[in-house]
Amino acid sequence: MIRLLRSWPAAIGLALTLLVIAAAAAAGWLFPRDPLGLAGRPLIWPGDNPRFPLGTDNSGRDIAAQVFHGARVSLAIGLSATAIALGIGTLVGALAGYYRGAVDLVLMRITEAFQTLPAFLLLLVLVAVFGGSITTVTVAIGVVSWPASARLTRAEFLTLREREFVASCRVLGMRDWQIMLGEILPNALPPLLVYASVVMAGAILLESALAFLGLSDPNVASWGNLIGRGRGVLRTGWYVSAIPGIAIIVTVLAVSLLGQGLNDALNPRLRRK
Amino acid sequence: MTAALSIEGLSVRLPPGADREFAVRDVSLAVTPGEVLCLVGESGSGKSITASAVLRLLPPGVTVAGGRVMLGGEDLAALSESAMRRVRGARIGMVFQEPMTALNPLHRVGDQVAETFRTHTRLGRAAIRQRVLVLLEQVGLPDPAAAARAYVHQLSGGQRQRVGIAIALALEPAVLIADEPTTALDVTTQAGILALIDGLRRRLGMAVLFVTHDFGVVAEIADRVAVTQHGVVVEQGRAADVLNRPQHPYTRALIAAVPPLAPAPKRPVSDETILAVEGVSKTYRTGAWRARRVVHALDRVSLALPRGATLGVVGESGSGKSTLARCLVRLLAPDAGRIKLEGEDITAIPMREAARRIGMVFQDPYGSLNPRRRVGELIAQGPMVHGMARAPAMARARELLALVALDPASADRFPHEFSGGQRQRIALARALALEPRVLVADEPVSALDVSVQAQVLALLADLRARLGLSMVFVTHDLRVAGRICDRIAVMKDGRVVEEGPAADVLLHPRDSYTRALLASVPGRDWTPPLDAPAPALTSSLS
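Heads up: the sequence lines are chains A and B, in that order. Per my numbering, the very first residue in the first sequence carries number 1; after that it's consecutive. Per my numbering, the very first residue in the second sequence carries number 1001; after that it's consecutive.
Bound-form chain B, shown alone:
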């Protein structure tokens, strides 16, 4: 079949002073009607730039250096800017990662969908309105008329993305480009969006270029896969082949880094409880008392963390898992219930004493380190706050850097000189500097690329064994939970709906929500091939 969209030898040049000369070099791809081509890669691999280059929406300073982009026999690179505007939206639809920023908060949803028709067609108002309602229904919004009247902030994340897809589909383009359209969404919402895109391309025979970093999503939706590394396509082929028999060492390493949706080998777990949560509630009240909204962030949550074990707290956004983590380290005070650390009520322990016994690692490695302090200082800060003199504290910081597999000489550098994975290791060293017995980790690997994620998880597993750490590990990712947790608690709407050994929860879930969550994990039927050897990830290890 002839390709709906083909990219031939595309090179995109970065402005001088960037970390490499070409964002994308000599990339050739083709998508046929009705096919989903997944462009997979880690951050910085040039996958999004490729998608933007097709529509000629490159950031300033970034230019196409060579190659052709053929859409139905026409070279897009040669078109004038005004001709290009008639292509965007009409013949190629685009879905973005963050629907909140891709939509205008000041206009009603219906008007934003109608905008496409007003720009590209001569339809009358009534006809446009009719088409908008049909479209909104097509993308699975339950009440299209109400959705058309709504403003963006009144919709949930998944609904917003459905509106984004409706806009992209409005003129029934031959090609749909989706740039990480489900990355910002919860896993159950993601499953819905993936099913929607899959159904639409079948029905409309669209060619879909789907950019993602997630091999689970690839397994779910792709017909063919192209793997990019440093702007070069290193492997391309049918999805089943690439996923199960990867050829290129980089693809093999990436796939080996994907945690299987299965529990890790069982470890002996102590009977003794080090941290107990007993009937903890936290309620937020917002708004004036007429329109008062009460949110039960935590609703009588009870959990127990055995000494030396890792307890995974799994849930979607709004489930209360982060609130729980913050209550454990006393960043928040619960409204009711008790939290006991080694049998002692934590509110009875002085704040500074508690800080030595329970540490925390945060989600965002870019936000959790003060940008104006050197790495050594950041790590030494804890001990210094608790009375250690500067010189021994700095010496300790160097030891800790070695412990988290970083060069002790990095103590003199600033956080912005490090990659996300390295920063997360610095944050870990900082949390461990006070030698806590319990470590609370709030989504510590969620912001990281899959290969880096695997390294940080391995480091955590190694450290907890060496230091005898007990861990509360908050995550939205069941694969990650399976890899590191001994026990898993599933949270929904502030309540723990299921708790038990990781193997039981993942393999024999009792609660209906846990089952729904497991059923939504993308690529759950695909088990990453274990025989794929994991070569050293030299490029991303740094």
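Just chain A, with the same shape it has in the complex:
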């Protein structure tokens, strides 16, 4: 942790992440009303009315409330989709890397099939088929984001399985799943944790893109939805799209910087720099 804070990008990343989390936590307290409820006149510019510090959108909803509540949605989608993606990826990668041979061959061809399809197209298909509720969107994002983490896990398992401590566990008569879970996985975790930040940033962006196209859950105050709604008034009220856009940039930047910092802190070879 101390090592993490020694580099300034990581410190900024951590600070921004905490800021986003604080916004999400304070949303219910600062804006107890439904952020999607009508609050005032449409298209009040930021600063014009002290009741709406960030103004209102073209439907007369409070943008500040939507930004704060949107932090909740973005974090929730980011975290859940990342958990799903890493869960699938780790499982597939661990099996492929540990057993090699035919298992590896089959699993990696499936992974490649997913990787060659553009993730966003696949996401569009999934949402089109299964509908655009917030749950299906999150699951769909997780499902399109796992291949890279599978490859990463596989690479780690391939090298770690050859290490003598794994051989010594096999000599003790440990079962395969005990070795995979208890011995190899903890050693493979640092690069996966770092990669999780990349997945999370990507998941937040995917949801926003989906919402911008109007394909995400319209009943949720997500940043993407707000940007999507601002699309119609982009020339007259650009701030409607710009404000949530900035929120997205800050969050993605925060998570990425944090991941980079984690990488530096966990990678012993870079430690001395």
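No lab work stands behind these hints, which were simulated from the structure alone. Just so it is clear, the structure is predicted and the values come from calculations on it, not from any experiment. One or more hints might be untrue.
[As the list claims (entries may be wrong)] Derived Cβ-Cβ restraints for the label pairs, each shown as a range:
hint	chain 1	residue 1	chain 2	residue 2	range
1	B	Ser1080	A	Ala83	56 to 62 Å
2	B	Ala1458	A	Ala15	54 to 60 Å
3	A	Ala15	B	Ala1409	40 to 46 Å
Glycine residues also receive a C-beta, built at the ideal position from the N, C-alpha and C atoms.
Starting from the known structure of chain A, fit chain B onto it as the hints suggest.
Chain B in isolation, oriented as in the chain A frame:
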């Protein structure tokens, strides 16, 4: 004679936070032309740092704090960096431990040797090429023209080291610094390299500063010896004096720890066979079927381990000895033949049941323990896998730690907090936790310093007597084999070429390869003086 290279009162400071302030303190050494000075010490003694300090190739953060390095009347410490570059390679040649990493895998060998000439001379292409071929021939490469065209990976370890020496010798430097140049090599290859260095310094009158940890090598090549401990030279003198009449207690302890190349006193050996290997073969096939290579890692190997005895399996790299060890514990499955444990075919014994009857200790004490588990857990893991509850398993782990002479309180610490010798004892406790009847040890002391090696060997000998263990002991080191084994099997290219009681194999070898192996052991003519009392190795025992 005036010294070619002299180090006067050299001190090298370590960065703050290191385990000591100075890597090397007040070291004075001198090498005269045509002389080999061996700098001997265990790991962490500062011997390599001394060699690097001469060339000013110290790692970042490590600085020279005082003293002079005189090369032909010139103080190297006072030279500018660009002047220093003209010294390296031209006036002082350097040979490194690991020739694979010291050479560039992307360039042809000839180009890498030629590089020295291109950097330091104005010779033309044809002249350089001619010099390269002469050099490669000089270092004993059989076909210099082919070697010059080859890439590093196409050469064997010994050939690579010969290329490294060719590069170091290119400009006929007055001084050659060799940092453990034979440590990574097989014993027969090592003998060739030592003979090469010895011949070259005679012919070229070079002064050689030879860094090593191996007293056998010292006995083989040194004219004079300097022994370092914790960065201080504790004893310096003529090789014959230091080797046979060591004065300083540390030198005496180190020399007493060197196993003599002789069999240990004979122990009674049971007639009953506990582990039998019958015609076991293991073949590796690599490459596509056009360029298919078939390697017979094990070729119809048959061996028998008597109950309570220790069978040494000796061989060079690629002889199949580790493959055999891995087949015994079923990490690998043989292609043909049978392995019988107490008369039962091991493939018929369920894997988990076999694990209780045969245990294994691995070579690398840094790699064979999961870095993320505490020591107590690592030892308790075996019993817990086989159904013992956590609390009694942890209690058992503490007992085992005491058994291998470690503090039972170390159960709560992580492996990285321990030294190599201690970790190897932890690995031993882990293997013994299931109370196996047979222990397979794959080079268990090869990664350890000689004094620590002696302790681990003594511990193994003690444990096998107390627990009635039967052992298969894989090693490349005939001295180590002699110290602990009742019987020795010599392997070459996947076959057992000779097997018999240790005394017979070591003293009256029948096979020509065994004889060649014995003849290559460095310092075979030197018997460590037995009268040197072995004081407690307090510093390295920890």
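Evaluated hints:
no. : hint                             : in the structure
1   : Ser1080/B to Ala83/A: 56 to 62 Å : 58 Å, holds
2   : Ala1458/B to Ala15/A: 54 to 60 Å : 57 Å, holds
3   : Ala15/A to Ala1409/B: 40 to 46 Å : 41 Å, holds
Every hint from the earlier list agrees with this structure, and none is contradicted.
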